[in-house]
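Novice: The primary structure of each chain is shown beneath.
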Amino acid sequence: MTSLIDRILEGREILQRRPWPRAMVGAHLWRFVANELAQGHLSLLGLWGEPSMVHMAIMDEDTAEIAIVSLDCPDGSYASIGRLHPPALRLERTVHDLFGLSAQGLPDTRPWLDHDNWGVRFPLGDRIDALSKSAPYRFLPVEGEGLNQIAVGPVHAGIIEPGHFRFTASGETVVRLEQRLGYTHKGIEGLMSGADLERAVQLAGRVSGDSTVAYAFAFSRAAEAALELVVPDRAVFLRALLAELERLANHLGDIGAICNDASFTLIHAHCSVLRESVLRAALNAFGHRLMRDVITPGGVTRDLNDDGKAIIRATLDNIRLRFPVLVELYDNTASLQDRTVDTGVLKPALARQYAAGGYVGRASGRSFDARRALAYPPYDSLRFEVPVLKEGDVNARVWIRVREIEQSLSLIDQILDRLPEGPSSTPVGRWREPSEGMAIVEGFRGDVLVWLRLLDGLIERCHLRDPSWFQWPLLEAAIEGNIVADFPLCNKSFNCSYSGHDL
Amino acid sequence: MRKLLFETLFRRPFTERAPSSDDAAVTELATAVGHAARRRLGRSLSIREVDAGSCNGCELEIHALNNGYYDVERFGLRFVASPRHADVLMVTGPVTKNMREALARTYHAVPNPKWVVAIGDCARDGGCFAGSYAVVGGVSEVVPVDLHIHGCPPTPTAMLKGLLALLEQADTAAVAP
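Chains as they are written, first to last, in our numbering: chain A, 1 to 503; chain B, 1001 to 1177.
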C-alpha cells in the first residue's frame, strides 16, 4: 500500500532529498495537504516563507515519513492552511510579517512578530516603509457579565523572558488567555542569510539559550545533510552526550522551578544544586557551562578526555543518589500534589492536532520523540524508553521529566561506555553548488527543526523552528477553567521558549 | 521531608566563599556612584531583572546566582518583582526594537538613586545580533549603563564579582563622611 506522503509526492519532481524529499506542488495539491492536516492524517512540522514561496514540512505520524512541499506564490498569496488547520495560524501571520506573503482565507490577519517598531515592513521579502501611523494591537473581544481583564507583561515579575499575557477572568477563574509574543524577535533568519557556516552555527546556538546544544546539533546535521558530509563516530556519540547533559540540566531545573511555583521551595533548592552540578561537569568536560559552541558542522570542537569522563560519571552517581529522594518527596507531599494533579489539563486530542513535542506532547498521550521516531545516530544504537502519559496535567508533565532524567542517566552511561576512539571532527571543505538540508533533533523541550539552503559557501536561507510554536497555543487551552493563581505553575510546566519562538 | 531536612543539618553547606570583587568593575563603577546615593542604600541592593531580548542564556545563569552554591542573598542582594522596589536594573540581551519601550519604561519606574548593570556580550553592543533590522543594539543605547559584565553568558561567579564591586562602592561611601 502506498503511503499518504508517497501519494502526495507521486509524479512530482523531487528537488532534493537530504534526507527528506522536497517537491514543488500546485495550488490544488497544497489544498489537498491542508485537508489531510485538518483531518488528522498528517502532522504539521513547520511552515515558513521565502520572498515568493512558502514551504511546509509535514509528517505521517504512523510511519514517521516526512516531506516538504513548496508552493510558488508569484502574486504574493497562497491558500491558508490555518483556515482549516489552526496550528498554522501563527506561522502564517509570521510569514506575512516577514515576507509579505498573504494567506488567503486566514481567519486572523493581525500581525504577530511585527509590532510596528522595525522601521520597515516585510524585512525578509520585498521591503516597504513602515506604516506612517501605527495602529494598536487588537486583542480578541470579550463579552459577558462580570468579566475582568488582567494584563501581564511584557516585563514579568520573575527572571524570565518577555511576553504579554491577557487574561480574562470571571472571579478567580480564567475564561480566556490570549498571548502576544514577538518581543524578543532579533531577526535571526535575516542575520543567517549570507552568513558563513561558522557564524551561522554560532547564531543557531543563540536562538534559545537553554537549547543551545539542540540548536547547534540540528543546524549542524542540516548543514551536513546538505553537504553530504559524514561525521566521525566519536563526534556522533559526543553530540548525544552533550544533548543528554543539556536535557538533564534543564529537566532538573524545571522540576525544581515547578515545585517552586507551587511554593514548595525545598525541592527547588535541591534541584538547583543538582542542576548546578551538571553545569559544572559540563564546564570541566567541555569548557562551557551551557556547552555553547561545542557542536559545529563536521563534528565537535572539544574532545572529551579521561578527566572529563570521570567528572561526568561522578556527577551522575551523585544524581542517582540524591534525585530519587526528591522524587519520593514530590510524590508523597499531599499539599504539592494538590496543586499539580488535575491542574492545567491538556487534552490528548489537542496535543495530537498541534503535533506538540517534548514533555507537553508526551504527558498528553503523543509518543513522538525524534530520537526514537526518526532514530538519528547514535540513538539508533542506544537503548532507551520514551515515557508517555495520558493525564495531560502539570503532574504528568513533571513525571515525564522525572522519567526522562532516568533515561538520560542511562543514555549517558551507555555513551561513555561505548565512546568510539578516533577524530572528533572532519573538515567541512569547500563547495559551490546550491544544496539544501533539513534536520530534526530532540531538544529537552521537544523537536527542533532546521532547514537551510547553501550557495557559494554561504547560507542563502535558513529556517529554525522551535518546538514552542506548537506548545504556546496549547497553554492558552490548558489554562482555561483554572484559577489565575495557577497560571505560573501551568506556564512553568510548559516552559515554552520566548526567544526560540520569536527568533 | 524530615529526613531531608535533618540531613542538611549535618552536611556542610554547598555555599562557597565569595569571590573577590572584579577590579575592572570597581574602576568602571568608581565614577558611577554618587556619594549621597551610597549613604542611603547601605549594604543591601534590590535587583530587578529585565530581559530586553536575550536568548535566555543569561537568565539561566542569573537564576544560578540564587542556588545553594552562590547564594546571592547572603550579600544583601535580592531579586525583586517590581522595578518600584529596585535599586539596580539588571538588563540582558541585545535590546530588540520590540523591547525598547518596555525597557525604557521599566527604567523610569525604578526610583532614584539607581544603577543599571548590563549582563552579557549582547547587552554591551548587541553581540552577534548587532546590525539586525530588529535590534537596537547594546543596553546603553536606551538607558545609561553603570556596569557591564562580559560573557556569553557570564558565569555566576563573574556576575557575583561585578555585583560585589557594586556593593562595595555603595558600602564604602555609606560609611565615608
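No lab work stands behind these hints, which were simulated from the structure alone. Just so you know, not all the hints are guaranteed correct.
Unchecked claim - Far from chain B, by Cβ distances over 12 Å, these chain A residues were calculated:
hint, residue
1, M24
2, I66
3, S102
4, R199
5, S208
6, E224
7, C271
8, V386
9, P423
10, A477
11, A485
12, D502
13, L503
What the hints assert, rightly or not - Derived coverage of chain A by chain B (criterion: at least 3 residues anywhere in the stretch with Cβ under 8 Å from a Cβ of chain B; other residues may be distant):
hint, region
14, 33 to 42
15, 76 to 84
16, 145 to 157
17, 209 to 223
18, 230 to 243
19, 272 to 278
20, 311 to 325
Unchecked claim - These stretches of chain B come out as covered by chain A in the derived footprint (C-beta under 8 Å, 3 or more residues):
hint, region
21, 1089 to 1100
22, 1130 to 1136
Ideal Cβ placement from N, Cα and C applies to all residues, glycine included.
Novice: Taking the hints in turn, state whether each one holds.
Specialist: Hint check results:
no., hint, in the structure
1, M24, "holds, 29 Å"
2, I66, "holds, 27 Å"
3, S102, "holds, 20 Å"
4, R199, "violated, 7 Å"
5, S208, "violated, 6 Å"
6, E224, "holds, 22 Å"
7, C271, "violated, 9 Å"
8, V386, "holds, 26 Å"
9, P423, "holds, 27 Å"
10, A477, "holds, 24 Å"
11, A485, "holds, 15 Å"
12, D502, "violated, 8 Å"
13, L503, "violated, 9 Å"
14, 33 to 42, "violated (count 0)"
15, 76 to 84, "violated (count 0)"
16, 145 to 157, "holds (count 3)"
17, 209 to 223, "holds (count 3)"
18, 230 to 243, "violated (count 0)"
19, 272 to 278, "holds (count 4)"
20, 311 to 325, "violated (count 1)"
21, 1089 to 1100, "holds (count 7)"
22, 1130 to 1136, "holds (count 5)"
The earlier numbered hints that this structure contradicts are 4, 5, 7, 12, 13, 14, 15, 18 and 20.
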